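Chemist: Below are the chains, spelled out letter by letter.
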Amino acid sequence: MNNKQDNYSIWIDFSLWFFIFSFLYANYLWVIFDPHISTFQFIRFLRFPDLDISARLGIDAISFFFIYLTSLIILLCLLFTANSRNTTKDIINNSMLLFTVGILLIIVFYTLDLLVFYIAFEAILIPFFVYIGIAGYRTRRIHAAYLFFFYTLVGSFMSLIAIFFILLQVGSTDVEIIWNTEFLGNKAYIIWFSLFITFAVKIPMFPFHIWSPEAHVEAPTEGSVLLAGLLLKLGTYGMLRFLLPTFQEISYYFSPLVIMIASIGIVYTSFSTLRQIDIKRVIAYSSISHMNMCMVGLFSFNEVALKGSIFLLIAHGITSGALFFIIGSLYNRFNTKIIHYFGGVIYFAPTLCFLLLIFTLSNTSFPLSSNFIGELGILVGVLYTENYIAVCAAVIGIFLCTIYSIILCNKIIFLMPKYKSIIVADIFMVEIITLLPLLFLTVLLGILPNIINHHFYYHIIQDNIEIFS
Amino acid sequence: MYILPIYLTLISFIFSFFFGRLFNNYYVGLLNSINVLFSFIVSLFIFYEVVLCRSTTIIDFGSWITIGVLEVKWAFMFDSLTSVMLIVILSISTCAHFYSIEYMLNDPNQIKFMSYLSLFTFFMLLLVTSSNLIILFIGWEGVGISSYLLINFWHTRMGANKSAIMAMFVNKIGDISLLLAFAIIYIQLHSFDFTILSLAINKSLLSDILYDNNIILAVLDNKYINAIGIFFIIGAVGKSAQLGLHTWLPEAMEGPTPVSSLIHAATMVTAGIFLIIRTNVIFQCSENLAIIIIALGSLTAFVGSTIGVFQLDIKKIIAYSTCSQLGYMFLSCGLYGYKFSIYHLTNHAFFKALLFLVAGYIIHAINNEQDLRKLGGLLKILPFAYTGLMIGSLSLLGFPFFSGFFSKEKIIELYYSAYNINEYNAITYANNLMFYQMLTNIAVIFTVLYSIKIVVYVFYYTFQNNKNNLISLHYSSYYTIIPLFLLSILSIISGYMLEDLMVGINTNSWNSAIYKINGSLLQPIDISVFEFNLMSSKLPVYSIFYFSILFIFLFYIKSNILFYLKINAIWITTIFNHLNKKYLFINKNVYYPIIDTFFKFSYNSMYKFFDKGIIEWIGPFGIVIYTNKLIKSSLRIQTGLIYHYFGLIVLSIIILILLLIYNITI
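These protein sequence lines are chains A and B, in that order.
All residue numbers for the first sequence refer to this note's numbering, where the first residue is 1 and numbers rise by one.
All residue numbers for the second sequence refer to this note's numbering, where the first residue is 1 and numbers rise by one.
Derived by calculation from the structure, the hints in this document are not laboratory data.
This one's a predicted model, so the numbers in the text were calculated from it and none came from an experiment.
Any given hint could be a false lead.
List time: in silico SDA-like cross-link candidates among lysine to any residue, alpha-carbon distance up to 20 angstroms [unchecked claim]:
no., chain 1, residue 1, chain 2, residue 2
1, A, Lys411, B, Lys162
2, B, Lys112, A, Pro350
3, B, Lys112, A, Asn335
4, B, Lys380, B, Asn466
5, A, Lys418, B, Thr306
6, B, Lys612, A, Tyr146
7, B, Lys380, B, Leu501
8, B, Lys581, B, Thr306
9, B, Lys612, A, Leu274
10, A, Lys411, B, Gly159
11, B, Lys566, B, His578
12, B, Lys629, B, Phe610
13, B, Lys410, B, Ser476
14, B, Lys112, B, Gly62
15, B, Lys608, A, His143
16, B, Lys73, B, Ile87
17, B, Lys380, B, Thr306
18, A, Lys418, A, Asn335
19, B, Lys600, A, Arg281
20, B, Lys112, B, Leu22
21, B, Lys162, A, Met416
22, B, Lys162, A, Cys409
23, B, Lys162, B, Lys582
24, B, Lys112, A, Asp426
Using the sequences and the accompanying hints, generate a full structural model.
Modeler: So this is what it looks like as structure tokens:
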């Protein structure tokens with residue numbers, strides 16, 4: 001940081017300190033958060049008196065951990081950006097974009113209003129579209145940015161229809177009012193489907209998933225971290241927050257369909273991953289597979305599976321984020337992401353390899369790592385509902401995840417270095433600072449998962465859900 | 001004190017992995033070894049308290065996972081089975097640790113090696129001391145990953161990488177099925193605890209508790225017992241290298257020799273056996289499961305020993321013999337002789353660890369030469385290795401009054417007591433059993449053959465290798481000698497010393513570890529010892545005597561007797577090739593096609609056809625292309641010629657008028 005002192009921008013400082021403060025405040029919130037209250041806490045109002053609009057903001061156990069994750073990961077991304085090899089101008093651009101995305105994400109997770117949620121959800125597209133577009137040197141990135149933008153946009157317009165329907169009937173888009181409203185007839189189906197497609201594109205589920213690997217590959221390191229760690233969670237968060245509690249019967253009615261699509265997604269993406277040669281693409285596909293496993297858990301209407309999948313969402317946010325950071329570090333050293341060029345990295349960067357191995361193990365749901373808790377819950381819960389196809393899909397997913405992760409890890413870490421003239425440095429202090437909190441969280445959540453789980457003990461999605469009990 | 005071994009091994013891993021590089025590798029190794037030695041001494045106390053004083057202990061650290069109704073506790077159980085396993089693991093681990101201070105001294109990564117060994121010991125302790133299935137699973141996966149790291153320790157070699165990945169994948173099949181079994185157990189019993197499991201299945205015990213204490217427990221259906229049992233068997237087959245998933249074990253010999261000794265002979269591969277003994281209530285409930293286990297075990301014993309005869313790498317021979325001995329333990333579980341299984345496990349751990357360490361001693365001395373044909377005449381050069389290998393081999397082949405004799409003999413005798421177990425279709429069962437007994441007896445003969453082959457090839461004849469290797473011969477120091485000496489002593493006496501304690505008639509030392517279910521099942525061996533005449537039940541002993549002498553003579557007459565046998569006829573050569581290449585036809589027709597299909601399927605069908613094919617054509621590319629086509633075709637209407645537009649206008653007016661006439665409303 002010192003050698004860049006002279007051309008350092010106030011903006012970078014501001015965005016860093018803002019998120020340092022917000023992360024510390026999120027930690028403070030964790031302390032004062034009361035897990036025994038089954039309604040929302042820390043309620044604030046967004047008031048626009050001229051427009052006669054007021055929207056509520058509030059936190060419950062589900063949104064709290066996403067806010068925590070957001071503030072942590074955005075902070076780490078900003079750190080990573082501020083110390084990258086780019087020019088100062090690029091760094092300022094990137095940190096502005098990251099800052100915007102971070103603020104919008106916190107709004108998305110904090111809000112209790114469908115309209116505000118929708119606006120922030122859409123608004124994330126713009127900085128992210130720019131972020132993919134300006135990064136890198138490959139012309140393919142334009143294609144990836146378009147794919148990302150249009151897939152999500154088309155999906156999101158569907159939810160605009162849903163919002164219109166809801167506004168026409170209810171007159172408000174507040175979450176708790178929507179939850180307690182009964183939508184009848186075809187209207188309910190239309191709202192359900194339009195919301196479902198919005199979120200399914202974002203997760204991404206089977207037919208809509210191809211934007212995800214492209215965007216992951218073409219985005220810069222911080223962009224991939226954000227995509228895998230947070231943006232993919234928006235879909236499942238939306239389902240948890242709006243779709244499942246509002247339309248319990250319809251969700252239950254369509255759950256075999258959803259589980260079927262998600263199972264296809266798991267098997268299909270797991271198989272596709274086996275033959276990928278781009279490291280980022282491997283992790284991106286594996287993210288899709290894990291997200292679909294979460295969908296299986298959410299829609300199996302079982303308490304254990306539901307809580308397990310929420311846990312897996314948080315755990316996967318940590319793990320995949322860390323993996324993309326490590327891949328970024330590798331890319332900074334070797335200037336390539338193709339597996340075939342790697343080998344024997346342990347000779348140059350043993351610490352980096354250690355971290356890569358730990359997070360890869362976490363990705364394969366090794367016990368004592370955070371992902372294991374979630375996947376155990378999902379497996380037990382889904383088996384409890386006797387949905388054997390979903391069980392088979394989950395098992396294939398876990399098995400193939402081990403195969404491609406270990407092959408990837410082995411090819412990078414071990415064997416002889418392919419090009420003996422290339423000598424790289426071990427992990428820098430900034431990268432250690434970036435990865436250590438994630439390592440700490442992964443291991444901590446693996447050994448003491450109840451620090452998160454006991455927040456879900458008394459309620460999961462409010463009291464008005466009877467099917468879950 | 002009970003948890004001390006777990007803490008000590010974990011601390012020595014963390015210390016040597018993260019801070020070991022600040023110190024001298026010799027002292028870090030010594031520190032790790034002394035930690036493990038101290039754990040071993042603690043385990044002796046545990047053995048005294050638990051087995052001899054009969055106090056089963058459960059240590060509860062509170063809740064680990066709470067997901068809704070799913071609850072898992074950090075709890076450790078110390079019963080007789082655990083404490084015997086503790087002694088086995090920690091004694092072998094101590095020997096391997098001390099041995100590798102010397103063995104790996106010239107390796108730049110010795111500290112990492114020692115820390116991995118400690119990590120492995122930690123996970124293995126977690127596996128055997130667990131009080132519920134999920135903590136067992138931590139150990140199960142943990143030993144898998146530390147085995148992966150240790151096989152791949154010399155990671156520049158392609159062979160080491162390949163075999164490490166193979167071990168990982170084959171084990172993962174078992175892990176997945178184990179996870180499924182846990183899930184089934186959970187949804188039936190709402191608990192992962194071993195105690196609850198045994199109570200729920202052991203119906204007679206259950207009924208007592210139900211009436212006495214009003215505890216309501218679910219009772220497992222027979223359907224679920226079979227499903228759980230089969231998944232457990234797949235898990236155990238993966239870990240214990242039984243037939244079908246056995247291929248990883250011989251390949252794992254790429255690792256350093258202390259690893260082969262500790263992990264792939266004595267401890268980790270016995271985890272599958274341990275699992276079956278630990279959950280033996282499930283297997284005592286179903287005869288179908290028993291016959292599956294017997295079949296797998298005896299076939300593995302047969303196949304492992306037959307392949308072992310034709311191998312020429314000294315470590316591979318011992319590895320295949322491990323495979324075959326694990327088969328004995330496995331089939332003993334199928335014959336309801338759980339205590340014989342654990343007895344053989346203990347003895348086998350000692351003599352197999354000894355064999356591997358002696359092999360490492362020889363390999364280390366003769367410039368890392370593992371090929372049997374390039375050794376020879378070492379009797380004068382390495383007399384101590386000769387003593388060790390002789391003791392280990394005699395024990396392995398079941399020569400009377402060595403430790404292997406006591407346990408292996410009893411397992412083979414166990415067949416006689418199993419013929420009357422099945423009441424429903426006794427004849428079919430007996431026929432099956434006869435076949436498997438025959439396989440087991442043949443396996444004994446092959447065991448004799450390869451054991452004698454090793455001893456004769458390595459220590460007799462003349463020295464076959466380069467003269468420089470003799471000049472630069474490397475004699476090991478006391479760090480290597482003392483573990484070998486201790487293991488030799490143990491290989492001789494452990495069978496005799498432990499017989500009455502472990503498998504004596506009506507022994508009480510197993511307390512609750514091995515359940516006795518009241519019902520139609522007999523308690524096999526206690527009765528059968530006296531039932532059959534000595535001639536038939538002692539058949540293996542006579543065959544061992546006979547074939548030992550025969551093979552010694554054969555090898556004495558002609559050193560390359562197997563070679564002449566091989567070139568005698570073409571069909572013998574074919575059989576030899578198949579056996580030498582580890583049942584080549586199965587590999588070619590089963591394993592490779594499966595892997596090929598998987599990878600081709602994943603690329604051609606999944607990635608190329610769907611991801612880059614259909615979905616892209618329906619999605620982005622298709623939309624772009626068809627929009628372009630649409631634009632082009634609509635452009636064709638706008639030609640810019642007046643009479644074209646005029647014609648269109650006329651046409652549309654005519655259509656409108658027609659619609660009006662026929663009164664068609666849109």
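Chemist: Run the distance test for Lys581/B versus Thr306/B: straight-line Cα separation, threshold 20 angstroms.
Modeler: holds, 11 angstroms
Chemist: Hinted pair, alpha-carbon criterion (20 angstroms max): Lys411/A, Gly159/B. Please report holds or violated.
Modeler: holds, 13 angstroms
Chemist: Next pair to validate is Lys162/B with Cys409/A; report whether the Cα-Cα distance is within 20 angstroms.
Modeler: holds, 13 angstroms
Chemist: Against the 20 angstroms threshold, does the CA-CA distance of Lys112/B and Leu22/B hold or violate the hint?
Modeler: The given pair, whose Cα atoms are some 12 angstroms apart, holds under the 20 angstroms limit.
Chemist: Hinted pair, alpha-carbon criterion (20 angstroms max): Lys600/B, Arg281/A. Please report holds or violated.
Modeler: holds, 19 angstroms
Chemist: Quick one, are Lys112/B and Gly62/B close enough, alpha carbons at most 20 angstroms?
Modeler: Not satisfied, since the Cα-Cα distance of roughly 33 angstroms exceeds 20 angstroms.
Chemist: Next pair to validate is Lys112/B with Asp426/A; report whether the Cα-Cα distance is within 20 angstroms.
Modeler: Between Lys112/B and Asp426/A the Cα gap is close to 18 angstroms, so the pair holds against 20 angstroms.
Chemist: Mind checking the alpha carbons of Lys380/B and Leu501/B for me, to see if they're no more than 20 angstroms apart?
Modeler: violated, 40 angstroms
Chemist: Has the given pair, Lys112/B with Asn335/A, been kept, meaning a C-alpha gap of at most 20 angstroms?
Modeler: Cα-Cα ~29 angstroms, so violated.
Chemist: Run the distance test for Lys566/B versus His578/B: straight-line Cα separation, threshold 20 angstroms.
Modeler: Since the Cα atoms of Lys566/B and His578/B sit roughly 12 angstroms apart, the hinted pair holds (cutoff 20 angstroms).
Chemist: Does the structure keep Lys418/A and Thr306/B at a Cα separation of 20 angstroms or less?
Modeler: Violated, at about 40 angstroms.
Chemist: Within 20 angstroms, alpha carbon to alpha carbon, are Lys162/B and Lys582/B?
Modeler: OK: Lys162/B and Lys582/B at ~17 angstroms, within 20 angstroms.
Hints 3, 5, 7, 12, 13, 14, 16 and 17, counting from the list given before, are not met by this structure.
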